[in-house]
Amino acid sequence: MITAALTGSIFVALVPGIAVALLPRAYFGRRRRARLREVQRAWPDGLRDILASITAGLSLTQGRHESRVHGAGDAAVAFARFSELARVVGTGPALELLKEDLADATATV
Amino acid sequence: MIEVLVLAQERGGSIVREILEDLVSATTRDIKLLDEIDTESLESRINARAVMVLPWLVLVALTARPRRLPDFYRSPGGVVTLLVAGVLTAVGVIALGRLAREPVEVRPFATEDARDGGHLSRRGRRRDRRRDLAAIAVPPTPRLAPARPAVRDARPARARLAGAHTRTAATTAGGGAMCRLFGPPLRALARRMGRLTSTGGDEAIVRLLRQAGRRDLTPDDYLVQQLRDALLGAALGGAAVAILLHAPVARVGGRRRRLRRQVDRVDSGGESSASATVRSSRAESDRSSRRTRKPATAPTNAATVGACRRIATAAPPQRRTEQCVRALLDEIVVGSQVAPPGLAQQSDDRLISTRARQAPPSPRQGSQRRANNRHIAPPRQSSPPCAWWAPASRAARRAAQSRTAGRAGERGVARNRDGSEARDAGRDRRPRRDR
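As you go down the protein sequences, you meet chains A and B in turn.
Those letters in the first sequence? Residues 390 to 498, per this note's numbering, in order.
Those letters in the second sequence? Residues 26 to 460, per this note's numbering, in order.
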């Protein structure tokens with residue numbers, strides 16, 4: 390509408406209008422990619438922590454409880470919540486819930 | 026990865042360590058490769074977006090100016106041109122999107138139907154059909170992995186533990202669909218712009234908010250609020266300026282400056298290039314600046330026009346002077362529209378009397394004109410109105426000097442070029458035998 394008022398032609402404003410209409414899609418796509426990349430970057434450190442715990446003689450569940458993902462992003466929040474969930478619902482369902490949290494790439498954890 | 030951990034949790038054994046080591050190395054290699062791809066494709070992505078966006082920005086900037094271009098794009102030919110350009114842009118966007126798409130990794134544990142058990146109500150099936158229709162235009166992004174049915178029992182516990190933090194972005198944003206669609210991008214833009222102006226980062230904002238007793242605000246909310254207040258203040262200030270100046274701020278001086286630039290261009294190019302378009306723009310410029318024109322210039326222009334008309338009709342047939350006067354008429358005919366009739370007539374009489382004094386007097390009319398011109402003030406000692414008017418004035422002045430010198434010679438007094446009496450002129454001009 391702004392472009393149409395500025396130029397006085399609807400046809401000139403058609404393509405900029407479509408571009409603005411697709412702006413949310415581009416934004417959420419970018420946010421999804423950023424979040425996936427953040428989760429992906431968090432995995433090697435978490436896996437190394439679990440591996441070190443197993444090497445030290447702890448079980449897999451204890452190792453997952455001790456593992457922490459550093460940072461302030463959504464992935465760190467999801468991993469930090471895993472230990473509480475594992476105590477309440479068990480390790481298996483807690484892993485499934487963690488997977489569900491991390492699968493929705495546009496969610497705010 | 027979580028599926029691997031789940032399998033390790035269920036099966037256990039000595040292979041867990043080997044699986045985890047392979048997983049760490051594979052993930053690290055994947056991240057390194059993705060970083061390299063991102064870095065190398067950055068320039069291509071910037072070029073592709075610039076090629077798509079910049080022509081349309083230039084088109085909007087050109088058509089926003091009141092020239093002939095907007096008229097062309099309102100015509101059928103312009104509409105066809107725009108439609109073809111839009112189709113080509115869409116084809117380019119689709120082609121570039123497909124070329125730049127990263128291959129999605131196949132997930133062996135994911136199923137095609139992520140719905141819970143495949144049991145959908147009638148309303149759910151209708152919503153699913155609508156989703157399928159929309160998916161023809163915009164294919165949805167597949168979820169990374171579906172949740173197993175056993176997770177449904179654990180979801181209430183997660184909701185109790187996480188509280189309000191487990192809501193998705195679609196549920197946290199209030200308002201209608203437009204707010205949910207355009208709200209997050211606008212809020213992200215506001216946050217980014219607010220961070221450009223804030224110093225000290227989020228920690229400093231949190232400390233300031235805590236000192237101010239505003240514990241209910243997060244740094245992001247504070248930045249958005251700041252930007253909203255700044256925009257509101259700018260809008261109110263612009264409205265106040267518009268009310269004071271009786272015109273939008275962007276239009277103050279813009280149109281007048283543009284027309285004046287056209288007139289200056291024509292003046293520098295000479296009158297030979299003047300055309301009907303230039304004359305109309307000159308008239309428009311004069312009409313737009315009529316309110317700001319100084320009142321003292323109006324009678325002068327009107328007087329010049331009146332004098333030139335009389336000279337062109339009544340003066341002796343000097344071809345050069347007539348051409349000059351006609352050109353002067355064409356030049357300043359626009360300025361004559363603002364002259365008050367009384368002032369114009371008075372100035373006409375003054376200039377006509379000046380012209381009459383410059384013309385060579387006839388022996389019979391000389392005394393009568395001198396008697397008539399006693400009540401008229403002498404002409405102003407100012408520069409001629411135009412450069413090509415000067416030769417005629419100089420010629421008239423030279424003729425008057427020669428006449429004066431002739432009379433002085435008759436009386437035995439000589440004068441220099443500026444009219445002053447020569448000291449020894451009388452002695453030199455007297456006959457030798459009289460000395």
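Keep in mind that the hints are not guaranteed to be accurate.
Said to hold, decoys possible - Computed list of lysine to any residue pairs in SDA-like fashion (alpha-carbon distance at most 25 Å, straight line):
1. B:Lys-57 / B:Ser-69
2. B:Lys-57 / A:Arg-422
3. B:Lys-57 / A:Arg-420
4. B:Lys-57 / A:Asp-434
5. B:Lys-57 / A:Leu-425
6. B:Lys-57 / B:Leu-84
7. B:Lys-57 / A:Arg-426
8. B:Lys-57 / B:Pro-101
9. B:Lys-57 / A:Gly-418
10. B:Lys-57 / B:Val-85
11. B:Lys-57 / A:Glu-427
12. B:Lys-57 / A:Leu-440
13. B:Lys-57 / B:Arg-126
14. B:Lys-57 / B:Ser-39
15. B:Lys-57 / B:Met-26
16. B:Lys-57 / A:Arg-421
17. B:Lys-57 / A:Ser-448
18. B:Lys-57 / B:Thr-106
19. B:Lys-57 / B:Glu-43
20. B:Lys-57 / A:Arg-424
21. B:Lys-57 / A:Arg-437
22. B:Lys-57 / A:Ala-445
23. B:Lys-57 / B:Gly-102
24. B:Lys-57 / B:Leu-67
25. B:Lys-57 / A:Gly-479
26. B:Lys-57 / A:Asp-438
27. B:Lys-57 / A:Arg-419
28. B:Lys-57 / B:Val-78
29. B:Lys-57 / A:Ala-423
30. B:Lys-57 / B:Val-29
31. B:Lys-57 / A:Arg-430
To be verified - Covered stretches of chain A, going by a simulated chain B footprint (3 or more residues, C-beta under 8 Å):
32. 399-405
33. 439-445
No wet-lab data here; the hints were simulated from the structure.
All of these numbers come straight from a predicted model, not from anything done at the bench.
Where is the CB? At the ideal position from N, CA and C, for every residue including glycine.
**Request:** Just pull the numbers of the violated hints for me, sorted ascending.
**Result:** Violated hints (numbers, rising): 6, 8, 10, 14, 17, 18, 22, 23, 25, 28; every other hint is consistent with the structure.
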